[in-house]
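Use these hints to put chain B onto chain A, whose structure you have.
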Amino acid sequence: MSVPSTGAGRVRALPARSVLRRLRPGHGFVAAYVVLLIAFGVVPTCYAVYFAFTGAGGAFVGLSNFAAAASDFRYVSAVGHVALYLVLWLLMLVVFVVGLSLLLHRLAAQGMSRLLRFLYYVPGALAGAASVMVWLFLLDPAVSPVGFLLRGLGFQTFSQVIAPSHLPVLFTLIAFWTGAGGWIVVMYGALNNISPDVLEAARIDGAGPWQTARRIQIPLLRKWIVYMVILAFAGGTQLFVEPQLLSQASVGVAGRDYSLNQLSYDFAFQNNDINTAAAISVELLVVGLTVAGVFVARSGFFDAD
Amino acid sequence: MNPLPAAVLALFLVFFVLPALWLLLAATKTDHQLVHSNPLSFGSWQALRANWNALTAYQDDAVFLWLRNSALYSFLALVITLCVAIPAGYGLAMTEFKGRHTLLIATLVVMLMPNATLVVPLFLEVNAVHLIGSMWSIILPYAFYPFGVYLTYIYFSTALPKELLDAARLDGCSEFGVFRRVALPLAAPVVALVAFFSFVANWTNYFLPYVMLPESRQFPVQVGLGTLLNDVPQFNPTVGSLAVQRPELALATLLSITPVLIIFLFSQRFLVAGMLAGATKS
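These protein sequence lines map, in sequence, to chains A and B.
If you're matching positions, the first sequence starts at 7 in the numbering used here and goes up one per residue.
If you're matching positions, the second sequence starts at 851 in the numbering used here and goes up one per residue.
Derived from the structure by calculation, the hints contain no laboratory data.
Incorrect hints may appear among the rest.
Selected chain B positions facing chain A (in silico; Cβ < 8 angstroms) [as the list claims (entries may be wrong)]:
hint	residue
1	LEU868
2	LEU884
3	PRO889
4	PHE892
5	VAL970
6	PRO971
7	LEU972
8	PHE994
9	THR1008
10	PRO1039
11	ASN1055
12	TYR1056
13	GLY1076
14	ASP1081
Chain B stretches covered by chain A per the calculated footprint, using a threshold of three residues with CB under 8 angstroms from any CB of chain A [unchecked claim]:
hint	region
15	852–866
16	904–916
17	950–960
18	1025–1038
19	1043–1054
20	1093–1107
Beta carbons are placed, not taken as given, at the ideal position from N, Cα and C, and that holds for glycine.
With the rest of the complex left out, here is chain A (with noise of 0.2 angstroms):
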């Protein structure tokens, strides 16, 4: 770690002093990032881990918190909601980004490109509560722009729309309306750090479109892809202001404790209990290092140096 890898360091021969030296540069690069780390990164955890484990009165109680969360009889349902919004997400993002960024990339046109990307992108500057609203308008078939096709798939109330058997259908498609134009930006850029040299090669070896995405651009894309999948994973678990406003304006039709994330919350705000609102946030936090893991090691993360 401590080891000079640069060329210069070849070039001269350095003493210990020198050595020192060389390691403060990269402490002041980092220092002000670390405080910020330590501070909202750190410190929090502490705290989340604190009182996971520990009872209202602050004493420790191993595992009681988890037990209490897990024995609540909205858990298991939650867990299970959580989890096949999740595939279907990640399934939907990975596809059409990945196979949206390489059409445009391909399209000669540089100016329809530009502002297909533009336009994948507009819902993006409605995340959050604004993206809610939109979509609560148009989950209605007396409102909608697209009323016809609900009421063409046999939809005629707002409540039927939102029926509990639709929702991770409908926040798929709402995480991807808002998630996947920042994305398509992201991978177009990456794709542009490829040099042309190597496609250029590729079609002279008789490569196609095809050929080219699946051997080349891809397999380039890889860490792009990787991280992409690791953040809305995370995201995904995080699932609450959609079902939250969706139960608000449904008046109850969309449960409130549809998502793991909301069940922590009624556990915090409304029985006072942030021992096990803090239990289920640990676990939350578990499990999405567990899978990043998984990826980071599968996908040799960390050679790029």
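Just chain B, lined up with the frame of chain A:
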């Protein structure tokens, strides 16, 4: 272009644009027109002006105040994020130091943690130092942006050749000089990317300000939208004389997203600039 890819691109164009277009048109209608006229028809300028007047009269210009708050919070956090994340990503990618690998992993770990996990603990932490209600209680957590550090790290480690830095060092540049004179001028695409994602994330964040800023005059526009939603009779049947019509809510939603759209227009040309294409190959 083959017809199939073109059809796919066109289909997704409709999917992404139609709801936004509908929102734009909804702001020009009366509530009656919203239900009974063609969803993709233009209402009238009179209706738009009436919606505007009703919306701006809501709680004494509250909408403008919320927009101003959003701009202030997002911009201050963005400036801090850039000053912190760009050097940090560069340091992680291009320099060696004790603890580098640990920091890289910590960045990834914190980045992966659901934000909502930290909201309650952050609230307790901020409460302990008596900053609840201060705008810094959301600006500083916003400014901590591991995603930006990671984007910068990835960018420098894949797109900036170390030989370039070594050449500058041999020419007598200090480490900071190398960063400022060599790396930073080449970093425009990633600076734009980080700035953009940071600003959008800050602007659209709902939950943190909702918890940290109890005072309505301090709300950013996202939280303000939630307040408006609560006063729309179709969503909350108990609303009395304060009622907000649905087209007014659509107009407020439009206003709330306009700054992000404008910024995207200006930064887009940086986002895809392959500035280093060919420069790394010797």
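(request) Please flag the earlier hints that this structure goes against, numbers listed from lowest up. (result) As far as the earlier hints go, 4, 14 and 16 are violated by this structure, in ascending order.
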